[in-house]
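Based on the provided sequences and hints, a complete structural model is requested.
Protein chains in written order, with the UniProt record's numbering: chain G, 1 to 405; chain C, 1 to 405.
For the record, the hints were derived by calculation from the structure and aren't laboratory data. There's no promise every hint is true.
Because identical chains cannot be distinguished in the list, a pair is counted as satisfied if it fits within a single copy or across any two copies.
List of simulated lysine-lysine pairs, DSSO-like, C-alpha gap at most 30 Å [unchecked claim]:
{"hint": "1", "residue 1": "Lys20", "residue 2": "Lys8"}
{"hint": "2", "residue 1": "Lys108", "residue 2": "Lys61"}
{"hint": "3", "residue 1": "Lys325", "residue 2": "Lys299"}
{"hint": "4", "residue 1": "Lys108", "residue 2": "Lys276"}
2 protein chains.
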Amino acid sequence: MATIEELKLRVRELENELIKCKQKQCAAEDAQNQQLHRPKIDRMSAEVVDSNPYSRLMALKRMGIVDDYEKIRTFTVAVVGVGGVGSVTAEMLTRCGIGKLLLFDYDKVELANMNRLFFQPHQAGLSKVEAAEHTLRSINPDVSFETHNYNITTMDNFTHFMERISSGGLEEGQPVDLILSCVDNFEARMAINTACNELGRIWMESGVSENAVSGHIQLIIPGETACFACAPPLVVAANIDEKTLKREGVCAASLPTTMGVVAGLLVQNVLKFLLKFGTVSYYLGYNAMQDFFPTMAMKANPQCSDRYCRRQQEEYKRKEAERPKVEAVQEEEEEEVVHEDNEWGIELVSEVTDAELQAASGAVPDLPEGITVAYTIPVEDTESGDTVGETEQSLEDLMAQMRKL
Amino acid sequence: MATIEELKLRVRELENELIKCKQKQCAAEDAQNQQLHRPKIDRMSAEVVDSNPYSRLMALKRMGIVDDYEKIRTFTVAVVGVGGVGSVTAEMLTRCGIGKLLLFDYDKVELANMNRLFFQPHQAGLSKVEAAEHTLRSINPDVSFETHNYNITTMDNFTHFMERISSGGLEEGQPVDLILSCVDNFEARMAINTACNELGRIWMESGVSENAVSGHIQLIIPGETACFACAPPLVVAANIDEKTLKREGVCAASLPTTMGVVAGLLVQNVLKFLLKFGTVSYYLGYNAMQDFFPTMAMKANPQCSDRYCRRQQEEYKRKEAERPKVEAVQEEEEEEVVHEDNEWGIELVSEVTDAELQAASGAVPDLPEGITVAYTIPVEDTESGDTVGETEQSLEDLMAQMRKL
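So, in structure tokens, the structure goes:
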């Protein structure tokens, strides 16, 4: 049996061991927590010190690029799809100091995502929105986040999605300023399109091809430009989702380069749109094989299958007709407006020639099993000139060009 | 004084507490370590399972884009400058599964870097190469890393830099396959240029403007294309480094979008060059204000101030003269070669018109204090037709265009 002295010694030993253990525990927890925080910053400053995360952004004012960079904090952007393009898009907006981000996705992080930027192997198994919010908060705690781990295309979720883009702004009840589509399938794009047509919300589309070497971004203003239903893609997955394809040993190729470029072009367009600088692009393509960047624009289709799109077109026409012609004189504060027909200084013309498009086109890819041509253009429809507004090219021409790409 | 019973109770209490503490310590350490590792992968597989980080890259073979994707593991790339462009460049190459990366930088991570991708606030104070290596290793432990925390422009470091690009390949003693310049100043670019001319190593240049809204990438093949000394930039910082400017309250603007796009275009060009697909660009510019992407190419200047460049030009001429004209027939395995004069299927012509360049040019920016025009083009030199090879535009024209940009 132990003596008092032996027991006292043991108590001292244990106490010392416990102190050491607690120190180690604290150090390990500190290391974890360090990754979570920098203090919040109340006001964006232009001060040039190493500790100011906004100095290089505020310098855009001194350089004469942006008039009021701080305004970025007043905007809310919804990012639908937090994959190869969406995650980088959310990170860029976070680093730029956007006011609030709404993230929508229902996928989990997998090691198979590691060939694209943003997610890290230790996040495998977490939901993409949860993992993204954790990383983005640690990058910039000044941004507000709202995440939704669901598929926006199911009935209930779609209703909730509509509600959130209508009233999930920085101030609850206010709409979000812009919706970004960074999804990888037709159904989700159509859902966003339907919601934005009904609510009259401006959105931007993005996409990357299955062979990983081309992509595009597109600005959609309901009633003014072609919506996703005005000129849907010719080729879509025939009701077979990515998971079914994967079970059959087939997957799309992807590259961090193409996805990074598309995210960069998308967020650049967002910054130009929100902060009113440069020329906002209606459509900008990226062909990585040839380093070719086609641009174009399509007016809304008066025979669009989406009735809310047709209603928005009526509304747009009515507003255009009501606009006083001398507007440029009345609104002197908006000096930068180049084209009178909208407030972003952009115009609806195609800047790409047939020859250029043809030059950038490769062979038509073999469609994997389960992928079919979504529809054919009926010949009788294309004979009426009504389908196309005042663009120089007919919808038929543009669709024929899309097929060649 | 404590009784034996009391002491025994205390020992039991302490033992239990110690167990709990050790459990917590382990959990916290696990959480830390989780962020460090996924197991190494011996052979790249195309298997379509969620746990395969290479499935979407290997799919490039099935899509007919790349013949032999696995070859990426045999290449070594040196990235000089691990800032806004270099860090994303290194991350993209890491995620693509490059064999080995050499990273050179002498800067520390600061909160002022947080408006660009890659670094996180908790890394502030660490050296950029150390922080980058830590993150990149956790993203892809299959890549080998070698980091050098020094300024390559000082005499001793320059000698060591030359030695490492000559013999720092995957197999020690072999040269690196490609050097990427992602630096932000004239002296460092000139140092890389000097080293690559002397060693006859191919490199790619990248750059982003001070106002954050334009950038470029460029492929430089010593003896064949213009080197950095053949047509140096007209405007450089007059011996005043970034730190001095910062002390005076001046800093360049930067955006995660422009830097991400430039890094994406750079690494895309690297992949096309190393894995032999698509068309490798000699020069690709990015004007974010207009979404304009000029391309061009410049032949080497026979009157270049760098004697190693002139020597490489002689060597190149000699080799070209020795090349048998029927080569295309002899080397049947290289089916994809479009142009006979090099192995990358690229040609030296300007693809941008004067009008296009002019359209994309803004006003000449005000130069901040300490920034001067580096030189003027002597009129007598430009009168001899010798300076320009077989390009359609004279060096003088191209320089005049550069000045407009």
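Here's how the hints hold up against the structure:
1. Lys20 x Lys8: For Lys20 and Lys8, the Cα distance is within 30 Å both inside one copy (19 Å) and across copies (22 Å).
2. Lys108 x Lys61: This pair counts as between: shortest inter-copy Cα distance 26 Å, intra-copy 40 Å.
3. Lys325 x Lys299: within (21 Å within a copy, 53 Å between copies)
4. Lys108 x Lys276: neither (36 Å within a copy, 34 Å between copies)
Violated hint: 4 only; the structure is consistent with all others.
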